[in-house]
Each structure stands twice: as structure tokens, then as C-alpha cells.
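Novice: Based on the hints, put chains B, C, D, E and F in the right spot on chain A.
There are 6 protein chains.
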Amino acid sequence: MNRHTQEAGLHGVWLSEPSASTVEVAALAGYDTVVLDVEHGSFDLAALNWLLPFIRAKGMEVIVKVLGPQREAIQQALDLGANAVAIPHVESVAHAEQVCGYAKFPPLGDRSFAGGRVSDYRGFDDAWVAEQDSGTRCYPMIEDASAFADIEQILALDSVDGIFIGPSDLSLRRDRGAYTAGEDDLTDIAYLADAANAAGKPWILPAWSPAEQKLAVEKNAHVIIATMQYGALLTGLSGASAALREIQAQAGE
Amino acid sequence: MNRHTQEAGLHGVWLSEPSASTVEVAALAGYDTVVLDVEHGSFDLAALNWLLPFIRAKGMEVIVKVLGPQREAIQQALDLGANAVAIPHVESVAHAEQVCGYAKFPPLGDRSFAGGRVSDYRGFDDAWVAEQDSGTRCYPMIEDASAFADIEQILALDSVDGIFIGPSDLSLRRDRGAYTAGEDDLTDIAYLADAANAAGKPWILPAWSPAEQKLAVEKNAHVIIATMQYGALLTGLSGASAALREIQAQAGE
Amino acid sequence: MNRHTQEAGLHGVWLSEPSASTVEVAALAGYDTVVLDVEHGSFDLAALNWLLPFIRAKGMEVIVKVLGPQREAIQQALDLGANAVAIPHVESVAHAEQVCGYAKFPPLGDRSFAGGRVSDYRGFDDAWVAEQDSGTRCYPMIEDASAFADIEQILALDSVDGIFIGPSDLSLRRDRGAYTAGEDDLTDIAYLADAANAAGKPWILPAWSPAEQKLAVEKNAHVIIATMQYGALLTGLSGASAALREIQAQAGE
Amino acid sequence: MNRHTQEAGLHGVWLSEPSASTVEVAALAGYDTVVLDVEHGSFDLAALNWLLPFIRAKGMEVIVKVLGPQREAIQQALDLGANAVAIPHVESVAHAEQVCGYAKFPPLGDRSFAGGRVSDYRGFDDAWVAEQDSGTRCYPMIEDASAFADIEQILALDSVDGIFIGPSDLSLRRDRGAYTAGEDDLTDIAYLADAANAAGKPWILPAWSPAEQKLAVEKNAHVIIATMQYGALLTGLSGASAALREIQAQAGE
Amino acid sequence: MNRHTQEAGLHGVWLSEPSASTVEVAALAGYDTVVLDVEHGSFDLAALNWLLPFIRAKGMEVIVKVLGPQREAIQQALDLGANAVAIPHVESVAHAEQVCGYAKFPPLGDRSFAGGRVSDYRGFDDAWVAEQDSGTRCYPMIEDASAFADIEQILALDSVDGIFIGPSDLSLRRDRGAYTAGEDDLTDIAYLADAANAAGKPWILPAWSPAEQKLAVEKNAHVIIATMQYGALLTGLSGASAALREIQAQAGE
Amino acid sequence: MNRHTQEAGLHGVWLSEPSASTVEVAALAGYDTVVLDVEHGSFDLAALNWLLPFIRAKGMEVIVKVLGPQREAIQQALDLGANAVAIPHVESVAHAEQVCGYAKFPPLGDRSFAGGRVSDYRGFDDAWVAEQDSGTRCYPMIEDASAFADIEQILALDSVDGIFIGPSDLSLRRDRGAYTAGEDDLTDIAYLADAANAAGKPWILPAWSPAEQKLAVEKNAHVIIATMQYGALLTGLSGASAALREIQAQAGE
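Read top to bottom, the protein sequences are chains A, B, C, D, E and F.
When you line the first sequence up against the UniProt record's numbering, it's residues 1 to 253, in that order.
When you line the second sequence up against the UniProt record's numbering, it's residues 1 to 253, in that order.
When you line the third sequence up against the UniProt record's numbering, it's residues 1 to 253, in that order.
When you line the fourth sequence up against the UniProt record's numbering, it's residues 1 to 253, in that order.
When you line the fifth sequence up against the UniProt record's numbering, it's residues 1 to 253, in that order.
When you line the sixth sequence up against the UniProt record's numbering, it's residues 1 to 253, in that order.
Hints are supplied without guarantee of correctness; some may be wrong.
[What the hints assert, rightly or not] Within a straight-line C-alpha distance of at most 25 Å, the following computed SDA-like cross-link-like pairs (lysine to any residue) qualify:
| id | chain 1 | residue 1 | chain 2 | residue 2 |
| --- | --- | --- | --- | --- |
| 1 | D | K58 | D | G9 |
| 2 | B | K219 | D | Q250 |
| 3 | D | K214 | B | R174 |
| 4 | F | K58 | F | A8 |
| 5 | B | K58 | C | G59 |
| 6 | A | K214 | A | G177 |
| 7 | A | K58 | F | E131 |
| 8 | D | K219 | B | Q248 |
| 9 | A | K58 | F | S119 |
| 10 | A | K58 | F | G30 |
| 11 | F | K219 | E | A249 |
| 12 | F | K58 | E | R245 |
| 13 | F | K214 | E | G182 |
| 14 | D | K58 | E | E131 |
| 15 | A | K219 | A | D120 |
Simulated from the structure, these hints should not be mistaken for lab results.
For clarity, every value in this text was computed on a predicted model and none was experimentally measured.
Only chain A is shown next, with the shape it has when bound in the complex:
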């Protein structure tokens, strides 16, 4: 495990569309990790091709939440320079073994060699393969009930470098309906955190509310994703409009 993954409490920001300025603003605001939500956002390949090396050149880490649990989605993120992939909707230990294998080269897994950015636009050798396999990270997302049930075995896999929790989908799939960050939700999250800590592997949590953040801090989450690009924008824009409305109200309009 490298320096970065040993740390706890890193501040993450969740991006849904590419924007160089948003990355710069996030750096100014103190974030050190950027999560790109390729699954639900609008990141095309041409954008990822500059966004990934840009985030890294800024000295931040980038976790790509890939389109889905498929070889191609995982491979492209690593080819273009992601530090880590988070893989949505991993369904079981067997599924995790298969799809996390796409993040590691043979014999550990079944990743395909690209010959571009990550090998400095040159060929490769066995030392490079070893370095890639240990230097990039694969985080299955735990957001399905069946993956929740298999958590210990999933964490025991060699190709699994930690877990990324998806609270909203987990609530829907653990029969609690829409996510409320309620007591049962937090119990589930704590259970997963404990499993990751017991396995000595990092865990990552999107945590918008104080309750979620406290839990994440307490249980040493590796990255705590504090807000989303659009959520922060909504907060900022709403605040400015409300302040102006207040001034207008005082002026008797």
C-alpha cells in the first residue's frame, strides 16, 4: 500500500462533468482527492484524456467511478491515468473477483496493455507491470445487498484494494427505500467500515451530512467525499440569491 492509501480523512469532491476550473477551485478550497462519477455524469473520452492527467499534475489523486462492472470501463480509466477505479454494482465475491481482475495484469488478473500514457508512451517490462498492479487501486462499490452479504470475502481478494460505499443504492437494495442517512443506514455503513478496517484496507464514503461525516472520521475512512460539484454550486448560488433577497426585503421591495 502506498503513502496515499495509508492516510485517513482525505477530503474528496465528487465531479459530474469535466471542468478545469472546478478542479482548480477544489484545490484552492483544500480538497486532495477528486472522484469522477463516470457512471452517472457526462464524461466523454476526450475530456477524460485531459482531465485525468490534469488532476494528477495538480498533485491531487483521482478516483474514477467507472460506467459499470465491465472490462472496458475499468481499463479505459486506468489507461488514461486514474489512481484508482471504483466499480459500481459489484454483486458478489465471484463478481468482484472477475471484474477487479480487469484492473490487474496477468497473472493476477486480466487487464490489457495499452502502450500509452501510463507506460510513458513506450513499451513495458515486468517491473512496470508489478508497479502498475500495486500502484493503482481497485475499489468495488458496495451498494448491492448481495455484495454487502459477501463483504468479508470481497475484502479478502488480492485484486481488491479497498471498498467504496454507495449509500443511496444500498438503502434501496437493503429494502429501506430512499436513503435518509438514518440509523439503519449508518449501521450498515459502520458494518462495512469495520470490515474494511479489520481487513486493513481503505474504505471511502460520500458523506454529505454531519452524521455521516462523524462516522467516517471516527472509523478512519480513507477519503471522505464532502460534497458534489452541483451540490456545492447549488449551495453557493442559493446563498447569494438569498442574501440579495434579504437586502431587497429590507429595502421594502
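Specialist: Quick look at chains B, C, D, E and F alone, frame taken from chain A:
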């Protein structure tokens, strides 16, 4: 079923590449529904991210014919704001049940929560889930012989809100070779239309010729797709060139 | 003057890069006017071509702060569907007369006919010309000392529909150095506001601070631009990170 | 003058946004010349960089109607591979001399050397300069009253290879209000055509109506622009919708 | 088999990102075939939509190495105008039969009809289907140990028009670790070449080193891919910098 | 003058289109300065908006050769984060004074304040203005005969931080026809270099040939631009194709 799906005879236009002006021209020409052919066209995510809300802000409905029968393709269209998805190459009732499930949240299906446009860039609750499930529509495409055979059972599925017929592929797969809009083709279409009407669910038809359009009108197709973006352009450009050639011919050139 | 320009106290938001989601978030946050800073931002034509009609289809007004005081920059914004243009670095009444002329058709000015979006992709007639000339608005920016000096004459021009104040550049050019929103700055703004009100034409102000906003409200600014896209994002991201840091501090980290 | 410019009656199509398929459809419909309306359309540089060589590789000619009468706009179109530039709003013979000079290298004019596509990505020699100057063409647009007045002198300039008439703006600026293709409009066009023919230089006309087209044919216009991209689309889409409406009406809806 | 596939020793270039100028430079440098590495590169659909017809209009052949062994990836490449598809990670003869079927229409395979570029934006008939099936080519990639084992049966499939060898992944999966173009690697390549030649079907090889190129020439490879876009750039840029450094060294810096 | 401008003999690379990988390859090849040819290349604003901060985050310097000698072109490059602007076709000392003024804030010049990237997305103060004025650099291009004549006075201007020589255009405009890097060309370059050295200001030269490079090294050019993106690609692609052809020839083809 909402107001829109209860109507019959809506005019649809089939787009193959993104263009704000094409949407505006279509609105001026009287269309009320836009079909985006993501399967065979060239729509990247950045384009869908403005095109979908633009079509809706213009007061038109947008049906996304997604890349294929996969969770990710279906999810992205609904996340970005589609009114409906049309899913190509659904092969059977079992296949329909699985893939249409990706268009509905648990417990009805297995859609994943995005947290962006469709939930107003905020969180969600159970009422919102119910509203999404009923307010967006899932149309399996009937263009494989095996789906044709299962039509009644497909229409009986809760996650199926209607059907979208693919006449060209259906002809190839029902052993009639290239589609000619011939008698057997129309018989197949009528059979599917009757099944949809019997099930009380809307059906949609690309119908370029008068014969196809008459059938669609007669059997109350919900949306009749009257032309394609490129086909209309070819008609318009050919007409203008032919008119000029006629004038040149008259002038004795 | 149309309904919109008669209103005062509209909430404006300042955009520096195109983003459909940012427009939607702004609408949710209560803004009714969007200013696109083409001068200093990164808006290419392909983006403006969907962004302008999208903002209007959402029911908001769009003011394009064009690249510079040139025919082409002004023309493109109006061709693509802007409600108004704000023209940077207008230097004098003579300059204003020339460049605001590019926003109006002959005989009033020298705008060129495009034949696209704003004439419904068809030809035009004299009634349409009259409607365009009155329905779209031209705002010279007052941010140069020489324009400040000519303010009454500039406001008297037929082609001038109001003014857009540029406080930062005005401070630099009125020998006060970097803008501080200090007393002299506010005096300048008040002077321009009074001139506009006396001329019966709207005035527009970017007003980030309470002092600027109070002045704008008091003197009936037509649009009060309450914040910038990146500024709101910085506020939102900084707030979320600070809140998390506080929780981490409390936890004894 | 090369083979292409000696021909008369070529069919031109007017594009307002980049689209590879539109070029292909135009080729199928029989057009041999494409006019890109950079002045009023939405063509960014990245798009021009593939669109220009694509049109030429298809065996068609491409005339770029540049952003305005400026060195940079003219230069970019020629650098990226245009066969010809049409320059809007040339105001007089002196203006024509200056701006058409930007389309020719010294000593004939003042074009700047790029070192890219048009010199095969290599250096250059005097023979190449001569070939570029004669092989690419510069067409001032005649759409201002003052240019109309100077037409013979403009046509006499060495750097002027022909003229491109702008009927809509010409009508507005010759005090006839909005363009109607009326008798006076046609008289103006005929006058310019006669001048070009007398000078032995090609002339080009956007000619949507039969009357305009007859005049263009009769007076040997080099390129007759028969329709616009959006106009053809509107014709095609309107026709398809009207045909369907007719069928719906017959069915008693 | 058409003229093109009967030739041997064609020069191929491997592209990883879209660039019109790179295609032009490759044509000037003598290449006649372009391979687009969609699997590991950054080609979005909007780019493929102009790049594919551009390469063909330049008189070159284009092989699209698609994203993966899926219907959608194969279909899009053929819809947009590829001469051939190379399909990564085909695992066995059964897998080859399934996925190569997506490159051929029924009854030969299961390709879906698009109605765009390749059918001249019109409908289709049985002759067109036959022409598409024989005129476009499907090359499974041989880069997995299990496909290597099935090579004769794969080459015997009707839907397989030849093979594309992937030496780097093959080395990793045939237990030799990172690819070195060593003796065992060349033995594997020769084995596959012999199998293709025995089957009378073309084979294609990325061959950067003299040893690989000699083998490819000797065994009549159809296309020999001589270099990659980024590799050539690295060679060119490194050479220029080294030459300058030499001059600086001589000057005693 | 900052550390960077005091150095001599930096290796520059000339880019004509945006590409993150090209920047990375250039860094690997040892370049420390990137010149973006906005004047003749194809850089849209959206691309510049990520490319400029990316080059800087990689630890390289970026000089933007702007579209032309206009306020807007200069301003945008500095707003988006350029270290320096090179301004084409400066014609005289008076012209230099005017246009280089757009690169410096009042009272030194007339640059406009943007409020984005370069002020960390916040407001500004007088110290920031001073730092911007000294920290960014303005290089008029010397490529017109009249600027050549005024060289000493141009170099004496406060707003001029050095010069960027344009040998091709200079040859055309100093009546030597196409540039050959001949003796008279080198004499002109040496003359300008001596003037810059005498003024104690850096000078920059595109220098493809050994003769040009020797002169640049000898006279302490600040940046020596050793090659162009497309030129390097042509060298690399041609070399690879020639090597393969040689092997084919040896094999008796």
C-alpha cells in the same frame, strides 16, 4: 399513465446527431416528439447532457433509443432527463424483464440513483422514486423474432410501458431479408399493434411510407415517427438542386 | 421597452463557461437572468449555439457580454439568440454610436441579417426588423474613464437601451487602482445609476458585496448580478470542506 | 483562373453548422460547392480543421464566408484549406484592396505563412507562393451600398478573383428595407453580374427563388447557392409532417 | 475477398486520438491503412463520425479496433463507415462465432441495420446486404491463450475475414510476462501467420521492431502496422531536442 | 525579470492543435517550453481553458502566439493562464506600444480584469496587479519590415519584455521571397538578437535547421523552438515507413 402517453398520433422525428437548430426546426415544423438514435447515431454524453433538457424545455418529449440492452445505457438516458427509453434488441420476455428493470428503481426494478438533474440536484425520497417510476417510460424494441414471439408476455410486464417497433431489423430476423414495407411486414406490425392495444399500452412506429403511416394512424400508434433528420435533409437538398437543374435545363444549358 | 426591461431587481448570475446543469441549478436557486462573460470566459460558438436557446427555453433572460466592441462579436450573440448584448470597453459617445449600431438593423444601425434562429430559419420582412430592433437590447459597458465622462450622451443614443457597469475596470481606469468597492467606487456607480434613471433606461450591476447590493436595490438596478459561477462554487466547496475539517478537529485529529 | 472558376452554374449549398453527414448528403444530392457561413453560423476552429479537408477530399469545392473583413479571419480559412474566401461587409475599393490583400502573399498582398496543411506540413518556396496566390480565391461580398458604388474598381483589383453577392444586406443598405427578391433587388443583382462578366471574373449568388435562379443562370453565375442547410431541413421536415397530417385527416381524426 | 484484402505488405499507422492533420501527415508519409485504437485510445462518437469518412475520402483504408467484443462497439464502427473491425479479447471459437456475427447481417450473423452513412442515408435491399457483408471485414484479435489454441477453427468461420494479432497481451496471457519481441513471441506470431495463410485469409501485425517487420514481410502480412501516433511523435520530438542539445554542447554550454 | 526569463537556451516545441498527450510526450522528450500557435493553429477557447493550466501544472512554460495584434486575443491568453504572449504582425513602435499595453494593467497599459483563474477565482488588489504585470511577459513578433526598422525603440518600451522572431514572414516582407534560412535571413536574425541582447531582454527563435540553431545558441536565445508538432510527427512517421520499406526491399518485394 400520464397525459402524454394517453395521446395517439403524435408526430415524431428521428435524430442521428445532436443539433440545437434541428430541434428548433422540428418544433417549427410541428413535431412534438424527438427520438434520439443513440444506438446507431453519434451522440456523446456531453451532447446528451444539453440536448435532453433542451428538448424538454422546448415543450417536446424525448425518447432515447439507447445504445443497447444494458443497465448503463438505460440509466444514463434516464439520469440525463429522457422521458422514455427505447431498448434495442430485447430478445425475449426474460430479457425484457431483466433490462426493463434497469429503468425502474427497487423494488420494481434495479435502477441506480444518480443525484443529478432528475432529482433537482438534491437528494430523494420515496415519493420521488414512485414519481420517477411512473413518469418515465420504458419501451422494449420489438425487432427480434424471439421477442415477436413473446409479445403478449412482454406487454404484460409491469416495467414495460409500451413497445417501439423496429421494422428493418424485424424483417431481417423474420426471414424476409431487407425491409420493403411489404404486405408481410405490415401484417407483423399490425399484429404487434393489436397486442399493444389489447394490453392498453402505447406503441410507437417509424413510418416513412404512406402505407406504414396509414396503418399507424388506423391502429392508434402513440407516436408516429414521420421522418429522419438525414432523410429530411436529403429530401430538402435534392429538391432544391432538382429545381435549379430544371431552370438550367429550360435556359438551354 | 418590453416587460422584462421595465422590471427592477432581477437576480442575475455570471457564467464563465458553458454548462447546462449550471443553468438549471441557477434556475432552481431563483435566478431569472444569466450573463455570459464571453469576453473573459471560455464560450466557443458551438456551445453558445445550444446555451443561448436553452437559457431562453428555460424562461430566463440571457445577456451576452461579448468579446469586444466589434461588429462580429455583437452580431453573433444576437444571431444565436441573446436577449441583450453588453459591449465591453466602449470608450466614448462616438464609439458607442458606432458599436451599438451593430446591434440594430439599417437604417437605425448596421447589423447584418443572418437568416437563422432569430428569424425562425426563414426569410424576413420589415415588421420582423422592427421587432428585432426593439426586442433585443444593447448595453454599452461603462468601465472606461472616457465613457464615464460621456455618460449622458451615451444614454441619449437611440441604439443604447441601457448600461452595464464594469466596476473593476472602472476603478483601474479612474485612477483608484484595484477595485475595493470603496466609497469612491460606490459614488461612481451611483452617478451612473442616476444618469440611467434620469434617461429612463435600465442599468445593470455586478454586485457581490452587501454595500454594492444595497446601492443597486436603492437605485432600482434592472438586473443585480449577485454572484459568479466560479465564486459560488468556491463558496460551496470551501464551506463543505471547512465543515468536515471542523468535525475532524472535534474528533481530535 | 483554374478549371473550377471557369465553370458556370455550379450548385452550391450553404452550411451554418459543421456536420460530416450533411456534406455527404449534399454530395449525394448533386451539389459540388459548399459555402460555410462562418460569419453567422457556428463553426469553431476544431470543426473547420476537419471540415475543410473533408469537403475537399470528397471532391467538392469549399468557399468560406469568413467572420469579417479582418486579416485573421481570412488567414485562418486559407490556412485550414479553403478553396476561396468570401469577405463580408467590404465597404469600398480601398477597403477591398486592404482586406483582399490578406488573402495573397507579399508582394501581391500581406498574407502570413502558416507552415501547416496547405504547404503539406513542410516549408515553402517561391513557386508554392505563386501557386497559392493563384490557386485560392478571394471574393469580396457586395452587400454594402458603398461597395456597390465602387463595383468596377473593386473588380479591377488584382487581389479580387470575383464577387459574392449578399442580397439581404444589400437591400437593407440600398434603402429598400427587408429583402423581397423584388424587381429592384433583381436589378441590383443583374448590375453586379454584368460588371463581373465584363471584368471576366466569376460571381456567386445565394438564389432561393426561381426568379433569382433564372437570373443567375441567364447571367452565368459561377456558383448558384440553391439552398441552406436549415432551410432544406425545414422543407424536408415540414413536408413529412404535412403528409402524415393529411393521412391523419383522411382517417377522420 | 476484395482487391484491398488480397494485397500484402500494406503500411499501417496506429492512432490513439482523432486528428485530421495526423491522417494527412500519415498519407504524406506513405501509409495506406489507418488503425484506430478505440479500445485504449480516446475516440468519442462525434470524432469517429468525421474521422472515418475522412480517412476513406483520402483513399486510405480504416480498421477500427473496437472497444471490446460487444455488439454495440462493432456495430457503431461499421455504421460510421469502417472498412474493417478488429475485435479485442476474443476468447475462443464459440466467442468468435458470436461476436463476429455482429459484423454480418442475418442470416449470416446478427448485425442491426442503421439507415445512415453506409446505405447512403436511404433504405436498403438484399443486394446491399450482400455487398456490406462481403465488403466490410471482421478480424478477431488473437491475444488470449484460449483463442490462440482455437486458431484454426476461428479462421474457418464464415464471419471471420482474417486475424489481427495482439502481441503484448498474447505474451502476458501465454505466460511470458511483458512482451519483448523475443524468440518465443516470434514463434507464436509465425504460428498464427501460417494458420492464416493456410486458411487463405489476411493477417495483420503491429510490428515496431526490425525482427517483427521481417517476419511480417516474409509471411505476407496483409497490413504491417509500422508505428503508433504517439511513438512517432516521441521519436520526432526526441530527435529534434537531441540535435539541439548536441549543438548546445558543441557551443560549450 | 523572473528566473525563467533569465535563462537561455530553453527547448521549445511549437503546437498547432491541442493534445494532452503531445504535451506529455514533449515533457518526456525534454522540452521545457510550449508555444501554442493560436494564430495559424486550431485552438478553441474550451481547449485553451484546460491546455494552459495543464502545461503549467506539468512544470513547463507556455507562450501563446495569439490570433493577432488585438486586445481581445491578448487578454484571453493571459486570462486563461499563459506565461507569455507573442503578438503577430506588430508593425511599428507605435503599434507595439498600443498592443503590448493590452498585456499590462493601468496605469502601465490597458488590460482588463477578468476575475478568474489568474486571480484564484477571487477579487484582486494592487499587489496582485503589480505581480501580474511583472510575472507575465509580452513579446511582440518581429516579422514585418517596419517593425524590424523600429527594433531598438520597440525593445525600449516598458511593456515589451522581449521579442519573438518570425523568420518566414520576415523574409517575405524584407523582399527576399520564401524563407530559405539563407545568409541574409541569418543576418537579419543576428541583427535582432544583438538588439535584444543590448537591451537586456530575451529573444525567442523558431529554429529548425542547424544553422539557425547555432546562431540561436551563440547569441543566447532565451527559447529555441526546435520543432513543430506536425513536423516531428512527419519525421517520426516517415522514418518508420521508410524503415519498413527498406525491409520489404531487402526481402525482394
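Novice: Against each hint, give a clear statement of whether it holds in the structure.
Specialist: We went through each hint and held it up to the structure:
A distance of roughly 19 Å separates the Cα atoms of K58/D and G9/D; the hinted pair therefore holds under the 25 Å criterion. Proximity of K219/B to Q250/D is assessed by CA-CA distance (about 14 Å); at most 25 Å being required, the pair is judged to hold. Using a Cα cut-off of 25 Å, the hinted pair K214/D and R174/B is violated, with the two alpha carbons roughly 51 Å apart. A threshold of 25 Å between alpha carbons decides the hint, and for K58/F with A8/F the separation of about 20 Å falls inside it, so the pair holds.
Proposed proximity of K58/B and G59/C is supported: the alpha carbons are some 10 Å apart, at most 25 Å. About 23 Å separates the Cα atoms of K214/A and G177/A, which keeps this hinted pair within 25 Å; it holds. The hinted pair formed by K58/A and E131/F meets the criterion: a straight-line CA distance of about 22 Å does not exceed 25 Å. Distance check on the hinted pair: K219/D and Q248/B sit about 11 Å apart at the alpha-carbon level, within 25 Å; holds.
Distance hint between K58/A and S119/F is fulfilled; the C-alpha atoms sit about 17 Å from each other, no more than 25 Å. Using a Cα cut-off of 25 Å, the hinted pair K58/A and G30/F holds, with the two alpha carbons roughly 20 Å apart. Among the hinted pairs, K219/F with A249/E is consistent with the structure: their alpha-carbon atoms are about 14 Å apart, no more than 25 Å. Taking the CA atoms of K58/F and R245/E, the gap is about 21 Å. The hint holds against a cut of 25 Å.
Among the hinted pairs, K214/F with G182/E is inconsistent with the structure: their alpha-carbon atoms are about 42 Å apart, more than 25 Å. Restraint check for K58/D and E131/E: the C-alpha separation of about 22 Å stays at or below 25 Å, so the hint holds. Straight-line distance between C-alpha atoms of K219/A and D120/A comes to about 38 Å, which puts the hinted pair past the 25 Å bound.
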